[in-house]
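With the hints as extra help, turn the sequences into a complete structure.
Top line first, the protein sequences correspond to chains A and B. So the first sequence is numbered by my numbering: it starts at 35 and just counts up by one. So the second sequence is numbered by my numbering: it starts at 11 and just counts up by one.
Because the hints were derived from the structure by calculation, they are not lab data. Take the hints with a grain of salt, since some may be wrong.
Short derived list, chain B residues pointing at chain A, Cβ under 8 angstroms [unchecked claim]:
#, residue
1, Trp79
2, Ile198
3, Met201
C-beta: ideal position from N, C-alpha, C; glycine also.
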Amino acid sequence: MDLETLLSYKWSIMTPEFIILGVATLLTLLDLFMPKSVNRKVLGWIGLTGILAAIASLISLLGHGPESILYDTFRLDSFAKAFKLLLLIGAAFVMLLAISYEPKEGITEYRGEFYYLFLAALLGAMMMSSSGDLITLFVGLELLSISSYILAGIRKKNLQSNEASMKYVINGGISTAITLFGMSYVYGITGTTNLLDMARSLLALTDIQHIYLMGLALFMILVGLSFKLATAPFHMWAPDVYQGAPTPVTAFLSVVSKTAGFIIIVRIMMVVFFNTPSSYIPNSMPLLIKVQDYIAFLAAATMIIGNVIALRQKNIKRLFAYSSIAQAGYLLVVLASMSVFMFDTLWFYLGAYLFMNLGAFAIIQLITQKTGSEDISQFAGLYRRAPILAIAMAIFILSLAGIPGTAGFIGKLNIFMGALAVEPAHYVLVSIMIATTVVSYFYYFGVMVQMFFRPAAEQEKIKLPIGLGIVIGVCAFATILFGVAPSIAFDFLHENFNSFSDFFQ
Amino acid sequence: MNFDYFLTFLVFSPLLGVLVLSFIPNTKESVIKTVGFLATLPALLLSLVAFFQYRAGVSLEELSENVRWVQFADPDTLGNLFSINYELGVDGLSLIMIVLTAILSTLAAVASMYIKKEWKGYFMLFLLLEVGMLGVFAAENLILFFIFFEITLIPTFFLIGKWGYFEKEKAAFSFLIYNGLGSAVLLIVIMVLFARTGTSNINALASILAADSQNLVFSSGTKMGLLIAMLIAFGVKLPIFPLHSWMVRVHVQAPPSVVMLHAGILLKIGAYGIIRFGMGIFPEQFQDIAVLIAVLGVVNLLYGAFLALIQKDFKMVLAYSSISHMGIVLIGLGAMNEAGIQGAIFQVVSHGLIAALLFFLVGVFYERLETSNIKNLGGLAKGMPITAGFLLAGAMASLGMPGMSGFVSEFMAFLGLFKELPILAAVGALGIILTAVYLLRAVLGITYGKAHREFAGVTDIRNKEWVPALVLLGIIVLIGVYPSVLSDPLTSTIETIIFKIGG
Numbered sequence: 035m036d037l038e039t040l041l042s043y044k045w046s047i048m049t050p051e052f053i054i055l056g057v058a059t060l061l062t063l064l065d066l067f068m069p070k071s072v073n074r075k076v077l078g079w080i081g082l083t084g085i086l087a088a089i090a091s092l093i094s095l096l097g098h099g100p101e102s103i104l105y106d107t108f109r110l111d112s113f114a115k116a117f118k119l120l121l122l123i124g125a126a127f128v129m130l131l132a133i134s135y136e137p138k139e140g141i142t143e144y145r146g147e148f149y150y151l152f153l154a155a156l157l158g159a160m161m162m163s164s165s166g167d168l169i170t171l172f173v174g175l176e177l178l179s180i181s182s183y184i185l186a187g188i189r190k191k192n193l194q195s196n197e198a199s200m201k202y203v204i205n206g207g208i209s210t211a212i213t214l215f216g217m218s219y220v221y222g223i224t225g226t227t228n229l230l231d232m233a234r235s236l237l238a239l240t241d242i243q244h245i246y247l248m249g250l251a252l253f254m255i256l257v258g259l260s261f262k263l264a265t266a267p268f269h270m271w272a273p274d275v276y277q278g279a280p281t282p283v284t285a286f287l288s289v290v291s292k293t294a295g296f297i298i299i300v301r302i303m304m305v306v307f308f309n310t311p312s313s314y315i316p317n318s319m320p321l322l323i324k325v326q327d328y329i330a331f332l333a334a335a336t337m338i339i340g341n342v343i344a345l346r347q348k349n350i351k352r353l354f355a356y357s358s359i360a361q362a363g364y365l366l367v368v369l370a371s372m373s374v375f376m377f378d379t380l381w382f383y384l385g386a387y388l389f390m391n392l393g394a395f396a397i398i399q400l401i402t403q404k405t406g407s408e409d410i411s412q413f414a415g416l417y418r419r420a421p422i423l424a425i426a427m428a429i430f431i432l433s434l435a436g437i438p439g440t441a442g443f444i445g446k447l448n449i450f451m452g453a454l455a456v457e458p459a460h461y462v463l464v465s466i467m468i469a470t471t472v473v474s475y476f477y478y479f480g481v482m483v484q485m486f487f488r489p490a491a492e493q494e495k496i497k498l499p500i501g502l503g504i505v506i507g508v509c510a511f512a513t514i515l516f517g518v519a520p521s522i523a524f525d526f527l528h529e530n531f532n533s534f535s536d537f538f539q
Numbered sequence: 011m012n013f014d015y016f017l018t019f020l021v022f023s024p025l026l027g028v029l030v031l032s033f034i035p036n037t038k039e040s041v042i043k044t045v046g047f048l049a050t051l052p053a054l055l056l057s058l059v060a061f062f063q064y065r066a067g068v069s070l071e072e073l074s075e076n077v078r079w080v081q082f083a084d085p086d087t088l089g090n091l092f093s094i095n096y097e098l099g100v101d102g103l104s105l106i107m108i109v110l111t112a113i114l115s116t117l118a119a120v121a122s123m124y125i126k127k128e129w130k131g132y133f134m135l136f137l138l139l140e141v142g143m144l145g146v147f148a149a150e151n152l153i154l155f156f157i158f159f160e161i162t163l164i165p166t167f168f169l170i171g172k173w174g175y176f177e178k179e180k181a182a183f184s185f186l187i188y189n190g191l192g193s194a195v196l197l198i199v200i201m202v203l204f205a206r207t208g209t210s211n212i213n214a215l216a217s218i219l220a221a222d223s224q225n226l227v228f229s230s231g232t233k234m235g236l237l238i239a240m241l242i243a244f245g246v247k248l249p250i251f252p253l254h255s256w257m258v259r260v261h262v263q264a265p266p267s268v269v270m271l272h273a274g275i276l277l278k279i280g281a282y283g284i285i286r287f288g289m290g291i292f293p294e295q296f297q298d299i300a301v302l303i304a305v306l307g308v309v310n311l312l313y314g315a316f317l318a319l320i321q322k323d324f325k326m327v328l329a330y331s332s333i334s335h336m337g338i339v340l341i342g343l344g345a346m347n348e349a350g351i352q353g354a355i356f357q358v359v360s361h362g363l364i365a366a367l368l369f370f371l372v373g374v375f376y377e378r379l380e381t382s383n384i385k386n387l388g389g390l391a392k393g394m395p396i397t398a399g400f401l402l403a404g405a406m407a408s409l410g411m412p413g414m415s416g417f418v419s420e421f422m423a424f425l426g427l428f429k430e431l432p433i434l435a436a437v438g439a440l441g442i443i444l445t446a447v448y449l450l451r452a453v454l455g456i457t458y459g460k461a462h463r464e465f466a467g468v469t470d471i472r473n474k475e476w477v478p479a480l481v482l483l484g485i486i487v488l489i490g491v492y493p494s495v496l497s498d499p500l501t502s503t504i505e506t507i508i509f510k511i512g513g
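Here you go:
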């Protein structure tokens with residue numbers, strides 16, 4: 035490839051990625067050459083600035099039609115833009131959490147790494163949302179995963195952190211291998227790694243043997259990616275990893291990494307398997323529709339397991355691990371119902387989830403780091419010690435529980451609507467979702483009882499670091515705003531992304 | 011009353027109080043209580059203005075508001091389908107409920123003088139609860155209704171759990187889970203209706219289903235299923251036997267001012283929902299199960315009455331009496347004729363007032379004597395003659411003495427049922443006798459029973475305490491002697507319902 039072709043590519047559509055890559059490189063170098071005595075927190079602020087710049091450049095790209103460069107391996111369609119926006123906003127909050135993260139021991143010497151590994155993971159997730167090719171998709175996934183493995187174990191002297199990292203790397207490795215195995219079948223049958231080319235050649239598939247193989251591939255890819263989403267029955271790693279990892283990393287895994295998981299699953303499932311016939315008769319039902327019931331079953335199992343096991347948790351981070359498993363179950367309902375609103379619903383719910391969950395994690399980080407214990411009783415009397423924090427936490431919890439007036443409610447409403455508007459309607463799935471939501475009241479309100487009804491063990495006021503203050507304030511505001519005036523988000527969606535109609539172009 | 015956003019202002023006016031309260035320091039008890047009371051007044055004033063104008067002949071339709079709120083589907087492809095509007099509006103029935111809510115809220119704010127701690131948080135939640143209750147009755151579409159319905163849930167949970175008596179947290183959780191399940195079922199019904207028709211407006215849904223005699227939109231089985239699910243949802247709230255255990259616990263454990271609202275308004279949302287949505291959206295199916303409703307009503311009436319007969323605690327008597335009286339609402343609805351429905355609505359209003367009065371009086375003597383055990387209260391007439399007098403009057407109203415509101419409602423509900431199902435009505439009438447027995451047993455035991463204690467130094471009802479007692483009793487008697495104050499505004503609503511069920 036000569037220089038001229040290289041320059042002829044429209045690199046500008048990759049600006050957000052370049053910014054993140056550049057900042058990550060810059061941080062690596064700075065960390066290397068800065069004297070030991072300099073506080074590394076400044077690197078975090080630089081990283082945050084980079085993320086904000088990337089958001090700004092992404093917004094300037096919103097008007098562009100679907101474009102792709104590098105032989106269709108990098109696509110900038112509505113889907114990419116919409117979900118990249120979520121990833122970047124989530125990462126910005128996580129960065130603020132990381133800046134304010136000050137555990138008793140074990141982070142000072144690796145603080146620099148902490149920041150640029152977040153950026154590397156973010157870059158992987160962003161590449162995934164934009165990729166039109168299995169190779170880049172997989173490379174993005176690996177970049178995200180490997181960075182996350184290290185992040186989970188960044189407190190090198192801490193036993194739990196080590197355990198988390200070890201469990202994560204083993205489980206993650208297995209799941210990646212399974213995914214890759216599944217992908218190899220798809221590649222073998224179609225002879226290409228480009229998603230849209232695959233879709234085209236799969237449409238013409240008539241050999242029943244090949245269709246069986248595609249079924250096997252679907253199964254393996256789904257299993258592998260279920261690990262990433264932490265959905266049942268592949269959720270076992272999540273509670274241990276969430277509990278052991280440093281809180282900002284837990285927040286990252288539960289929000290940004292999960293969003294990325296849904297991005298890759300939608301990319302592969304919708305493009306590849308939606309175009310695979312389920313039998314050799316022409317115009318037969320797509321394979322993906324055929325397996326809808328199985329996905330629905332997984333969704334139901336995830337919601338039930340997540341919500342029921344959460345009832346017994348005493349550790350707040352474990353509690354939120356199960357809560358986020360349950361939330362992934364709600365999101366799987368969207369995939370299982372495959373309505374015309376699928377992308378909108380997924381986007382809105384992931385957005386709402388981002389705000390409410392990161393806000394909650396900010397408060398969890400503050401409380402656990404102050405007391406050194408992660409027991410739920412540390413929240414006792416929070417209303418007395420810091421009324422504003424308690425009210426903010428109440429907002430996040432109410433939103434997670436799906437109470438009206440919050441973004442979580444609108445998101446759930448949207449999910450129900452999608453699941454019931456399709457033919458045949460998923461009555462059972464919706465009933466399970468609503469019933470498990472009521473079950474979740476028990477543990478969510480258990481935290482509320484601690485905060486509002488129980489007396490505090492100590493009366494000392496809680497000092498709020500600026501980074502956490504920003505996260506909590508913005509998240510609480512957004513959670514209420516999108517609950518009271520959700521049309522802001524939906525109008526933005528309709529205006530800029532045009533129903534994601536360019537997804538298959 | 012012709013200014014824009016009249017209803018919005020009415021519904022959300024208590025929030026002004028919340029705003030003011032947030033600037034007042036936590037320790038200024040009397041300021042907080044005054045602000046909390048004042049914040050309930052705008053809603054009261056506006057609702058009374060609307061009520062009297064309506065009686066003077068002004069149409070309620072000009073109060074309707076409709077603003078686009080959220081559009082789920084892309085407007086380019088699906089137009090107005092799947093959008094939820096912010097729609098408020100009232101008819102005779104909802105206007106009466108709003109007036110009742112506003113009156114009871116103001117009086118309960120007065121009764122909140124017994125609250126001993128954290129007045130600021132209490133009043134903020136109290137006012138939020140009022141917003142939820144007012145909104146429930148003003149909502150013109152199902153999703154908006156549900157939102158307000160859930161808004162009542164959270165403040166009530168905290169009001170019970172934080173300011174209640176000994177087993178308050180248990181009561182609060184039991185409230186939350188029962189009502190959470192109830193609203194979960196309701197949400198399923200609402201979402202099925204919304205997702206399958208693309209609208210959640212009550213009138214639009216009613217006409218879609220009325221036009222659907224061929225069962226194209228929903229199969230007849232689905233319609234029946236939706237109606238029964240809806241009955242379960244509102245049955246938890248009302249409560250219908252056997253979904254009532256949470257409600258007894260709440261009535262015993264919650265502070266008096268909260269119980270006034272709970273028994274007075276929150277339970278009535280169940281009845282309102284059955285009338286508005288059950289009868290309004292599924293009139294045909296409702297007719298098919300009318301007998302079942304009437305039977306449930308009689309069961310409620312007798313079950314509540316029997317249990318009230320053996321209670322030792324006056325609060326328990328009142329709690330079971332509420333269950334029993336809600337049976338009369340169901341009896342009236344099950345009759346499916348004009349008298350029955352009118353009786354049911356009358357009972358909703360009348361019981362709201364009577365329950366509020368009795369629970370307020372419980373608050374009055376509990377505050378002084380720290381017991382609500384019937385035996386320990388014996389001889390109350392010696393120590394607190396006026397309170398005992400009010401108590402007796404309240405009990406008379408409750409057991410349906412002519413000249414008081416309870417009589418009108420019971421009479422009409424049974425009149426309706428005797429027309430349709432005389433045998434069932436005859437069985438039900440036993441309940442009325444039982445009502446008289448348990449109420450007199452309890453009230454006479456308290457007022458004239460053997461005195462178990464000295465009443466020296468116990469003051470009778472005084473100062474602000476007069477206000478709720480007098481106002482409530484006044485309205486109860488007013489409705490009793492001049493029922494058209496209620497029946498006139500209801501005429502058109504009831505006519506519409508009767509027209510729908512073709513009666």
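* Asked: Can the hint on Trp79 of chain B be confirmed by a CB-to-CB distance to chain A that is less than 8 angstroms?
  -> At about 6 angstroms, which falls below the 8 angstroms cut-off, the nearest Cβ of chain A leaves the hint on Trp79 of chain B intact, so it holds.
* Interface hint status, Met201 of chain B versus chain A (Cβ within 8 angstroms) -> holds, 4 angstroms
* Holds or violated: is there a CB of chain A closer than 8 angstroms to the CB of Ile198 of chain B? -> holds, 6 angstroms
The structure agrees with every numbered hint stated previously.
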